[in-house]
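Student: Generate coordinates for the entire structure from the input sequences, incorporating the hints supplied.
As numbered in the UniProt record's numbering, residues 1 to 286 make up the sequence shown, in order.
These are calculated hints, taken from the structure and not from any lab test.
Fair warning: this is a prediction, and the values are worked out from it, not measured in the lab.
There could be a bad hint or two in this list.
[Said to hold, decoys possible] DSS-like, lysine-lysine: derived pairs with alpha carbons at most 30 angstroms apart:
#, residue 1, residue 2
1, K117, K86
2, K117, K136
3, K74, K117
4, K86, K74
5, K136, K74
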Amino acid sequence: MPMPISVTAVAAQYEIRYLDIEQNLRNAISHIESAAEQGADLVVLPELANIGYPRSTNERERQEYFDATFASAKAFTDELTNAAVKGGTTVVAGLACPSSTSSMLDNISAAFLPSGKVTNGSKTHLPIVEGHYFSKGSDLTLVDSPAGRLGLLICADASYPETARVLALRGADIICVSYMAPAFPNPELYSSLAVTRAFENQCYVVASHACGQQAGLELTPATTIAGPDGSVLARARSGQDLVMARLDRTSISESRVKIPRFESRRPRLYRDLFQAVASADSYLAQ
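Tutor: This is the structure in structure tokens:
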């Protein structure tokens, strides 16, 4: 469905507690309700908002993580479905859930619509220990919602510009990114990344970050809402925060008329993107 003339978007930034399903659910519902009370049409929550980030490849810890996910994922999803319906808002949340195609888990971005419908897609790029827990997603997910056409990405997925570009080419008005990202020396890195993806693709980006610590790592509190012209519409403070911005449909069309970036593309020059690349080891050996 087409994006409304104006959409009120909210991105939540808060701490996700490792394996503390009940507290994580309370926090998620609290942020959804608060956003809905402020008139939000779209609410984006962080990655793995139900359970936190895997700590290691240790088999005992891995089994605990799997057991907790299997025991709680459906109830958590049902509660978010109810919250979206009750609040009359679209909710996008990163979650761990049992895989329907393998013995692994899936790291998903789920879109909960006010109608009660739920659509999700799995993370396609799995860094660090994630490959020991999750299956790789096989496609990029686009969701038609009352807030517009949403492209769903999770954390590392957004570090590959091709993912956001494909979603934009498929018609995404808003790219929603759920993050649980470690801090890097440049504190502006992830906020800049949201702005860059929005500017490159002349669409909106709503990026929600977890804050605090996970797996012994300090996380980046860089929750950002960026516009199609590369503007920062909202940016969170360093701790828990809820940021809001109004997204105007006309800003997308005006940006694309002013700078016809999509019409100026030259795909033949980008053919190397589809070729296998040498491994890091072979590159360093040169």
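Student: Now, for every hint given, state plainly whether the structure supports it.
Tutor: Results of checking the hints against the structure:
With a C-alpha separation of about 13 angstroms, the suggested pair K117 and K86 falls inside the 30 angstroms cut-off, and the hint holds. Between the alpha carbons of K117 and K136 the distance comes to roughly 24 angstroms, so the proposed pair stays at or under 30 angstroms and holds. Between the alpha carbons of K74 and K117 the distance comes to roughly 14 angstroms, so the proposed pair stays at or under 30 angstroms and holds. Annotation: proposed proximity of K86 to K74 holds, straight-line Cα distance about 18 angstroms (limit 30 angstroms).
Between K136 and K74 the alpha-carbon distance is near 20 angstroms, which keeps this suggested pair within the 30 angstroms criterion.
Checked against the numbered hints given earlier, the structure satisfies every one of them.
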